[in-house]
Amino acid sequence: MLDQAGRDTPVLSVRDLSISFPHRSGRRVRVVQGVSFDVMAGEIVGLVGESGSGKSITARAVLRLLPATAAVSGEVRLSGENVNGMSERRLRALRGSSVSMIFQDPMTSFDPVHRIGAQIGEAITVHHPQRRSALAERVASLLAQVGIAPSRTKAYPHELSGGMRQRAMTAMAVANGPALMIADEPTTALDVTVQDQVMQLMRELNESAGTAILLITHNIAVVASLCSRLVVLYAGRVMEDGPTEALLARPRHPYTWSLLRSVPRLDQPAERLMAITGQPPDPAAPPGGCMFQPRCPRAVARCAEQEPPLVAVAPGHHARCWRPMEEAA
Amino acid sequence: MTRVIVRLLLRRLIGAVPLVFAVVALTFFVIRLAPGDPAVILAGEAPTPEFLAQVRAENGLDKPVWQQFLTFLGHAATGDFGRSIYAGRPVFDVILERVPATALLAGTAMLLASVAGVLLGVASAKRAGTTGDAAISALSLLGTSVPSFWIGQLLILLFAVWLGWLPVSGMVAPRARYVGFAHIWDVAIHMILPVTTLAVYLVTLIARFTRTAMIEAMSQDFILVTRAKGVSARAILWHHAFRNAVVTTITVIGLEFGAVLAGAVVVEIVFGWPGLGRLFYDAIYRRDFPLLTGSFMFSALVVIAMNTLSEIACAMLDPRLRDG
Amino acid sequence: MSVTIALRPPWPRPRLPSVATAVGVLLTGIVVAGAICAPLLTSADPLGLGGDILSAPTRLHPMGTDDLGRDLFARVLYGGRVSLGIGLFSGLLSVVFGVSVGMVAGFAGGVLDEVLMRVTEIFQVMPKLLAAVVVVSLVGSSLTNEVLVIGLLSWPATARVIRGRVQVLRGQEFIAAARMGGASHLRILWRNLLPNVFAYVLVSTSLQIASAIVSESFLSFLGLGDPGHPSWGLLLQQGQLFLQQAWWLTTLPGIALAMTVLGMNLLGDGLSKGRG
Numbered sequence: 001m002l003d004q005a006g007r008d009t010p011v012l013s014v015r016d017l018s019i020s021f022p023h024r025s026g027r028r029v030r031v032v033q034g035v036s037f038d039v040m041a042g043e044i045v046g047l048v049g050e051s052g053s054g055k056s057i058t059a060r061a062v063l064r065l066l067p068a069t070a071a072v073s074g075e076v077r078l079s080g081e082n083v084n085g086m087s088e089r090r091l092r093a094l095r096g097s098s099v100s101m102i103f104q105d106p107m108t109s110f111d112p113v114h115r116i117g118a119q120i121g122e123a124i125t126v127h128h129p130q131r132r133s134a135l136a137e138r139v140a141s142l143l144a145q146v147g148i149a150p151s152r153t154k155a156y157p158h159e160l161s162g163g164m165r166q167r168a169m170t171a172m173a174v175a176n177g178p179a180l181m182i183a184d185e186p187t188t189a190l191d192v193t194v195q196d197q198v199m200q201l202m203r204e205l206n207e208s209a210g211t212a213i214l215l216i217t218h219n220i221a222v223v224a225s226l227c228s229r230l231v232v233l234y235a236g237r238v239m240e241d242g243p244t245e246a247l248l249a250r251p252r253h254p255y256t257w258s259l260l261r262s263v264p265r266l267d268q269p270a271e272r273l274m275a276i277t278g279q280p281p282d283p284a285a286p287p288g289g290c291m292f293q294p295r296c297p298r299a300v301a302r303c304a305e306q307e308p309p310l311v312a313v314a315p316g317h318h319a320r321c322w323r324p325m326e327e328a329a
Numbered sequence: 001m002t003r004v005i006v007r008l009l010l011r012r013l014i015g016a017v018p019l020v021f022a023v024v025a026l027t028f029f030v031i032r033l034a035p036g037d038p039a040v041i042l043a044g045e046a047p048t049p050e051f052l053a054q055v056r057a058e059n060g061l062d063k064p065v066w067q068q069f070l071t072f073l074g075h076a077a078t079g080d081f082g083r084s085i086y087a088g089r090p091v092f093d094v095i096l097e098r099v100p101a102t103a104l105l106a107g108t109a110m111l112l113a114s115v116a117g118v119l120l121g122v123a124s125a126k127r128a129g130t131t132g133d134a135a136i137s138a139l140s141l142l143g144t145s146v147p148s149f150w151i152g153q154l155l156i157l158l159f160a161v162w163l164g165w166l167p168v169s170g171m172v173a174p175r176a177r178y179v180g181f182a183h184i185w186d187v188a189i190h191m192i193l194p195v196t197t198l199a200v201y202l203v204t205l206i207a208r209f210t211r212t213a214m215i216e217a218m219s220q221d222f223i224l225v226t227r228a229k230g231v232s233a234r235a236i237l238w239h240h241a242f243r244n245a246v247v248t249t250i251t252v253i254g255l256e257f258g259a260v261l262a263g264a265v266v267v268e269i270v271f272g273w274p275g276l277g278r279l280f281y282d283a284i285y286r287r288d289f290p291l292l293t294g295s296f297m298f299s300a301l302v303v304i305a306m307n308t309l310s311e312i313a314c315a316m317l318d319p320r321l322r323d324g
Numbered sequence: 001m002s003v004t005i006a007l008r009p010p011w012p013r014p015r016l017p018s019v020a021t022a023v024g025v026l027l028t029g030i031v032v033a034g035a036i037c038a039p040l041l042t043s044a045d046p047l048g049l050g051g052d053i054l055s056a057p058t059r060l061h062p063m064g065t066d067d068l069g070r071d072l073f074a075r076v077l078y079g080g081r082v083s084l085g086i087g088l089f090s091g092l093l094s095v096v097f098g099v100s101v102g103m104v105a106g107f108a109g110g111v112l113d114e115v116l117m118r119v120t121e122i123f124q125v126m127p128k129l130l131a132a133v134v135v136v137s138l139v140g141s142s143l144t145n146e147v148l149v150i151g152l153l154s155w156p157a158t159a160r161v162i163r164g165r166v167q168v169l170r171g172q173e174f175i176a177a178a179r180m181g182g183a184s185h186l187r188i189l190w191r192n193l194l195p196n197v198f199a200y201v202l203v204s205t206s207l208q209i210a211s212a213i214v215s216e217s218f219l220s221f222l223g224l225g226d227p228g229h230p231s232w233g234l235l236l237q238q239g240q241l242f243l244q245q246a247w248w249l250t251t252l253p254g255i256a257l258a259m260t261v262l263g264m265n266l267l268g269d270g271l272s273k274g275r276g
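Protein chains in written order, with the numbering used here: chain A, 1 to 329; chain B, 1 to 324; chain C, 1 to 276.
No wet-lab data here; the hints were simulated from the structure.
Hints should not be assumed to be uniformly reliable.
To be verified - Part of the chain A face toward chain B, derived, beta carbon under 10 Å: (1) I102; (2) S109; (3) D111; (4) R115; (5) S161; (6) G162; (7) W257; (8) L260.
Stated by the list, open to error - Derived Cβ-Cβ restraints for the label pairs, each shown as a range: (9) V168/C <-> G26/A: 49 to 55 Å; (10) L152/C <-> A46/B: 27 to 33 Å; (11) L152/C <-> Q279/A: 49 to 55 Å; (12) P18/B <-> P112/A: 27 to 33 Å; (13) V19/C <-> G272/B: 39 to 45 Å; (14) G69/C <-> G164/B: 34 to 40 Å; (15) W190/C <-> D282/B: 56 to 62 Å; (16) R89/A <-> G272/B: 51 to 57 Å; (17) L152/C <-> G164/B: 44 to 50 Å; (18) R89/A <-> L166/B: 42 to 48 Å; (19) H158/A <-> L33/B: 45 to 51 Å; (20) V111/C <-> A235/B: 42 to 48 Å.
To be verified - Sample of chain A residues lacking proximity to chain B, with all beta carbon distances greater than 10 Å (derived): (21) A93; (22) G96; (23) H127; (24) H158; (25) E159; (26) E204; (27) S258; (28) A304.
For glycine and all other residues, C-beta sits at the position ideal for the given N, C-alpha and C.
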């Protein structure tokens with residue numbers, strides 16, 4: 001059920017989160033470093049970054065779904081409760097009930113040998129055991145809510161289309177009325193028209209049930225219209241965060257600016273599109289100074305020497321840059 | 001649902017027809033192509049000329065080959081695999097008498113091996129990469145490496161000859177003539193070593209394949225999704241990971257049933273167990289070729305049946321295997 | 001290559017695979033060396049009768065003697081030549097056959113693939129060892145017959161693996177390039193595909209030799225071995241008769257057999273892991 005604490009306590013509060021993995025060289029590699037952000041009740045926040053930026057790892061850390069080899073430090077609070085240090089039992093009670101997740105690939109997200117309805121039903125009964133008839137009714141109404149005919153509850157995952165599967169996945173994620181839903185690249189594997197449907201569905205869920213959503217994506221344009229705030233991640237660090245309008249209209253970090261340039265937008269002529277040159281850094285061999293410096297068109301000597309801190313550039317708007325941009329995008 | 005199962009059954013059964021045909025044809029041509037007169041082979045060692053003539057007439061060996069083949073097929077279809085030279089009775093009857101003893105041995109071994117193999121494989125997969133996993137893997141490899149009759153011999157040396165805890169061989173204590181529960185107990189005692197011997201290979205094989213399939217299943221995205229739903233680790237392991245891996249386990253059991261029968265042959269010899277394997281062995285020694293080829297055909301048909309059964313089971317367990 | 005952080009949990013392989021491979025090499029090496037150097041290691045004749053009957057291991061007979069007074073140590077060493085020889089030749093035969101069928105089926109596709117795979121399936125489902133027993137008892141037991149029968153009954157596994165690999169490779173650019181260059185099918189199979197599946201061929205060979213040695217011991221145990229060339233299986237068959245009197249007759253040849261097969265299996269496993 002929806003969190004009662006109201007708008008003052010964030011449903012999700014991440015503070016100084018760092019995650020490292022063992023590397024074959026024997027050293028540990030930091031893939032997330034000092035990440036902090038909040039998601040307020042009923043809010044939609046976008047976590048944006050290229051693949052390898054640490055955004056999916058961060059999302060998994062929220063429910064402690066990382067492999068055992070991961071070392072996690074910092075704090076993740078769900079409605080004020082610290083996730084690290086929580087008992088496995090308490091954690092399980094949270095997973096899928098007050099916080100749920102949607103994953104990228106709808107092809108592989110369902111267990112192929114169980115029926116769709118049974119898998120959605122499992123998500124409910126784990127937390128709220130109930131009679132079969134009541135459960136069947138609940139599952140059918142959840143599927144109806146995402147536009148799938150109740151007769152499809154008996155279908156196996158491979159009998160549904162990718163878009164249908166992702167909608168079924170969404171139905172499963174909202175089954176217990178979560179306060180927060182984490183959607184990790186929910187539309188990446190779908191074609192464009194289906195992407196729109198799924199995004200629309202997210203918006204409706206947010207508006208009707210007040211579910212807060214952490215939307216993880218590499219495509220800033222797709223989520224821009226949906227999110228009230230954006231957090232831009234690069235090489236495991238928050239490069240910039242702030243209200244969506246401010247960030248889109250006046251990106252302060254050159255990386256955000258490049259990201260906006262690299263995606264097609266309806267309000268700009270196509271020839272201004274440009275790709276970001278170079279590759280994201282190898283987390284096993286990070287560059288000195290700012291992580292973005294090797295690819296940054298505005299880099300100066302200082303950028304390679306010292307990593308800039310994340311500082312406020314406007315109320316509620318932060319950037320990690322020695323030379324934040326001033327001009328409008 | 002029942003319609004789906006009936007359709008499935010039919011399709012798999014029809015799929016087995018060419019296999020059955022191939023086995024019967026192979027048996028026929030092996031006998032035909034063997035050096036020497038097939039009548040001599042069918043009649044066994046040192047036959048009288050009268051008997052030879054009789055065999056020739058009985059088997060239609062004076063007719064063209066294709067006609068002989070059709071006759072052979074027709075007979076095989078009705079379960080007529082010829083007459084045993086030694087027993088002087090239809091091969092099929094001689095074989096059927098021995099089925100219960102082998103079924104008891106092989107069935108018990110398969111049942112125990114499946115349970116133990118699955119438990120070991122799952123335990124190993126759960127600890128993938130640890131010393132415990134490496135130990136189970138090494139033992140599994142050892143178990144699949146040594147011939148089962150040698151394991152039987154070692155078990156006899158250890159438990160029967162040195163420790164004297166269990167009987168050396170046989171199915172019942174000689175001359176004891178137990179009845180009722182005492183008889184069951186007697187057979188059970190005699191079963192321990194042969195069943196263990198026969199099970200070792202299967203346990204290790206099932207453990208190896210189950211481990212690989214479990215590791216594969218546990219690395220799938222849906223396992224993460226299921227964890228994110230708040231499902232317990234135990235339910236994930238069995239209800240999701242194993243439920244996916246079990247198809248591999250069943251396929252392996254089906255495919256290896258031939259090896260189980262072959263294993264039963266040697267185990268029955270080592271332990272003097274009065275089953276099909278012992279019959280097979282005696283047939284080799286007595287040059288009782290009708291009995292030998294008959295037992296082979298019978299075993300091959302049983303193997304094909306087990307295989308078809310395992311395919312049906314897999315299709316029932318994994319909806320993706322139901323079409324095509 | 002930069003690290004790609006595994007979103008899937010990185011399942012580690014069992015620890016120390018290289019140690020397992022080394023053990024495999026060692027075990028196989030000891031047995032092969034023993035078989036090759038048999039005349040240097042013992043002066044006893046494996047077939048020569050002696051007065052010392054069913055003697056437990058002594059200094060004179062390090063592995064004891066059998067019921068005819070023959071030296072078991074010599075019999076195990078020379079038996080290794082028979083078992084390893086049959087294993088090697090039937091293993092190679094099955095791999096050559098299996099690789100040929102697998103490559104042609106995988107490369108040709110279509111009807112030919114369908115037919116070859118049906119045949120493979122028939123051989124795979126057929127109880128191989130029982131079929132071998134029937135055939136050998138019909139055609140007579142000799143080393144050549146054993147090699148032929150075992151080799152020709154055990155190729156399906158190799159064929160399936162190789163076919164799967166070739167199907168993957170077939171669609172790749174270098175094959176298309178070779179085709180554009182006008183290379184014949186045979187040339188593509190030989191020059192382009194075979195080198196690319198060679199790692200699998202090696203693994204198959206190792207596993208098939210191991211399996212052939214076990215198959216041979218099975219035939220010999222059923223009395224279908226060549227009594228003039230006693231293999232380990234034949235020694236075990238004789239040991240069975242004296243199980244209660246002479247433990248060494250079953251235990252010691254069995255250990256040699258187990259060492260070899262385990263060694264070859266470890267080697268095969270090691271090769272297949274090193275491939276990735």
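Next item on the list: Against the structure, test the hints numbered earlier, and report the numbers of the ones violated in rising order.
Entry: 5, 6, 7, 8, 9, 14, 15, 21, 22, 23, 24 and 25
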